[in-house]
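Student: Under the numbering used here, the first residue of the sequence shown is numbered 3, with each subsequent residue one higher.
Calculated directly from the structure, the hints in this document are not laboratory data.
Warning: the hint list may mix true and false statements.
DSS-like cross-link-like pairs, simulated, lysine-lysine; straight-line CA separation at most 27 Å [stated by the list, open to error]:
id, residue 1, residue 2
1, Lys97, Lys135
2, Lys50, Lys67
3, Lys131, Lys67
4, Lys135, Lys50
5, Lys50, Lys73
6, Lys44, Lys131
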Amino acid sequence: MINTGVYDYINVLDKAADGSWARNNAIANNIANIDTPNYKRKDVSFQKELEHALRASKYTSLDEKVSELNKGNRLSHIEPRTYTDYANYSYRLDKNNVDIDNENVELASNQIVYQALVESIDAEFKNLKTVIK
Numbered sequence: 003m004i005n006t007g008v009y010d011y012i013n014v015l016d017k018a019a020d021g022s023w024a025r026n027n028a029i030a031n032n033i034a035n036i037d038t039p040n041y042k043r044k045d046v047s048f049q050k051e052l053e054h055a056l057r058a059s060k061y062t063s064l065d066e067k068v069s070e071l072n073k074g075n076r077l078s079h080i081e082p083r084t085y086t087d088y089a090n091y092s093y094r095l096d097k098n099n100v101d102i103d104n105e106n107v108e109l110a111s112n113q114i115v116y117q118a119l120v121e122s123i124d125a126e127f128k129n130l131k132t133v134i135k
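Could you put together the complete structure from these sequences and hints?
Tutor: Dropping the structure here:
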């Protein structure tokens, strides 16, 4: 993480991309374990934590929220949290609760999110390059 105000948005986008990457890995792991008896699907909770951190103060601008999140290393404390989904009841005899159709949809959705985050990071760097010229 770069500790200057110029990179505030890049730092947040980078952290979000890390969370999306962790979720992609969890979903891929679920798909790989589709035939493993008693396997319970895993997922990653990050987006809600980041949203909560950015909504901490409702009467400030997004620029101020992002800047405040980068100050005092608060952003480094927001980490993707992997959890096991026990609530998703399994109809299968082997008690595996992975639904391949659902996992494929979640994987495709997450890949779109990740791609958008990478493109946003690229756009921020292009903006900085334009300013520097």
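Student: Each hint should be assessed against the structure and marked as holding or not.
Tutor: Hint-by-hint comparison with the structure:
1. Lys97 <-> Lys135: Between Lys97 and Lys135 the Cα gap is close to 60 Å, so the pair fails against 27 Å, i.e. violated.
2. Lys50 <-> Lys67: holds (16 Å)
3. Lys131 <-> Lys67: holds (24 Å)
4. Lys135 <-> Lys50: violated (37 Å)
5. Lys50 <-> Lys73: holds (20 Å)
6. Lys44 <-> Lys131: violated (40 Å)
This entry does not satisfy hints 1, 4 and 6, going by the numbered hints stated previously.
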